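With the sequences and hints as input, model every part of the structure.
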Amino acid sequence: MIKGVYDVDCGTWSPQGKLIQVEYAMEAVKQGSICLGLKSQEYAVLCSLKRAPSELSSYMDKTFKVDDHMGLSMAGLTADARSLCKYMRNECLNYKYNYEVAHPVERLIFKIAEKSQKKTQSVSTRPYGVGLLVIGVDQTGTHLFETCPSGNFYEYNAYSIGARSQAARTYLENHFQKFSKASLERLILHGLKALKGAVQEETDFNTRSVEIAFVGLKENFTTLKEDQVDSYLKKLAD
Amino acid sequence: MDTTSSYGKMAMYKNVNKFEVINQQTVYAASGEVSDFQELTRFLREVERRSLNAADGYTHNAHDYANLLARKQYQMRNKGDPFLVQSVIGGIVDGKPYLAVIDPFGTPLQKTAVLTGYARYLCPPIVQNYWDETADEEKARRVVEECFKVLFYRDAKAVDRIQIAIVTERGVTIDEPIKLKTKWDHEAFLTRANEKLHTQ
Chain A
22 MIKGVYDVDC
32 GTWSPQGKLI
42 QVEYAMEAVK
52 QGSICLGLKS
62 QEYAVLCSLK
72 RAPSELSSYM
82 DKTFKVDDHM
92 GLSMAGLTAD
102 ARSLCKYMRN
112 ECLNYKYNYE
122 VAHPVERLIF
132 KIAEKSQKKT
142 QSVSTRPYGV
152 GLLVIGVDQT
162 GTHLFETCPS
172 GNFYEYNAYS
182 IGARSQAART
192 YLENHFQKFS
202 KASLERLILH
212 GLKALKGAVQ
222 EETDFNTRSV
232 EIAFVGLKEN
242 FTTLKEDQVD
252 SYLKKLAD
Chain B
2 MDTTSSYGKM
12 AMYKNVNKFE
22 VINQQTVYAA
32 SGEVSDFQEL
42 TRFLREVERR
52 SLNAADGYTH
62 NAHDYANLLA
72 RKQYQMRNKG
82 DPFLVQSVIG
92 GIVDGKPYLA
102 VIDPFGTPLQ
112 KTAVLTGYAR
122 YLCPPIVQNY
132 WDETADEEKA
142 RRVVEECFKV
152 LFYRDAKAVD
162 RIQIAIVTER
172 GVTIDEPIKL
182 KTKWDHEAFL
192 TRANEKLHTQ
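Taken in sequence, the protein lines are chains A and B. Heads up, the first sequence is in this note's numbering, so the first residue is 22 and it goes up one at a time. Heads up, the second sequence is in this note's numbering, so the first residue is 2 and it goes up one at a time.
Read the hints as simulated data drawn from the structure, not as lab findings. What you are looking at is a predicted structure, and each value in this text was computed from that prediction instead of being measured. Treat the hints with care, since some could be wrong.
To give an idea of the chain A side of the interface with chain B (calculated C-beta under 7 Å), a few residues [unchecked claim]:
1) TYR116
2) GLU121
3) PRO125
4) GLU127
5) THR161
6) THR163
Where is the CB? At the ideal position from N, CA and C, for every residue including glycine.
Next comes the structure, spelled out in structure tokens:
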């Protein structure tokens, strides 16, 4: 996939009209382990599959809380995700300090997009190598957003990013009409089914490697504990 | 709100509109230094404009603006250069009326009735005795007029022109200024006290 002399930095266009460094950054997202999000009118859910760097280590967390009303899951470079998450948390705190209300979700995503875009227009820095799936609630309802290293952002009813995410997306495409009025439990089960479809035989799909988080119009962002994940995985098996 | 802009004790401009409509659910007014009020208006309008530019269906409401003003006034107070105003934000938040006052220190207080300036000293009994939250618009207007009447009687620097702004779910209306009906033909004003003493 070597594109010759046009892929050295973000300051160079390729003859096909592409910024190849940005595309490489998006490849890093595609190589990351899968995470997916889906939402109803009342809840938004994130499901992710964690990876362990080795047999000896623990699984690396992919889900981070940004504020009471917002959280994210990532695929790609975890360090870049932490950096963006830190920025988002700071922005949420400042907004709450100034306005005494939660940061509107789309406005924060827009700030991330602006930040990401700057990195695609510089010779000396590299783009962020992480895609974020952000769930949140604000006065306009529940939201699910995806951010890209390119600086684009998209809003979804349901989506998946990372390795083998196409399988999950197919499941979500076939079932998303059922999500709008689904209960929280149904929504999480849908998410887990979609996740399972993207998991290979050898990969761990258990309470230690699966991460579930949700946020609701009346409920704060919560990451489920191991025993709660366990009960959902058991329900899935039935 | 009265319609004067004073230069110290001198009522330099007597027909000034001192309500600023920030958006259709928020009105801003202030008591104190008019230039500071204008500066804060500029600040609030800038914030509103950024919402307009974002065009994402989200707008700030009166509660957001009240807190923002509190933060701004607090910031300047900490620098030893306070905005010498008592800011008042009135509006509708989540379908309910919202009213808050922010003092020059940056303290926000959400209240159902706000009195600033000389009204803090002269008007509490009027508001307490003749108005409560169940009063209708007509009663509220009469109480407001009565308060300003007392202020005009008692404050030598005051002018008898006032304006009332109403915010409802349908939007903001700022009425034309009205002249207060005050009585100056008291016996005591027509004849000097101790007439005999003065004419001897």
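Structure-based check of each hint:
1. TYR116: violated, 10 Å
2. GLU121: At about 4 Å, which falls below the 7 Å cut-off, the nearest Cβ of chain B leaves the hint on GLU121(A) intact, so it holds.
3. PRO125: holds, 4 Å
4. GLU127: Hint holds; GLU127(A) Cβ to chain B Cβ min 5 Å, cut 7 Å.
5. THR161: holds, 6 Å
6. THR163: Status violated, d = 14 Å.
In terms of the numbered hints stated before, the structure departs from hints 1 and 6, listed from lowest to highest.
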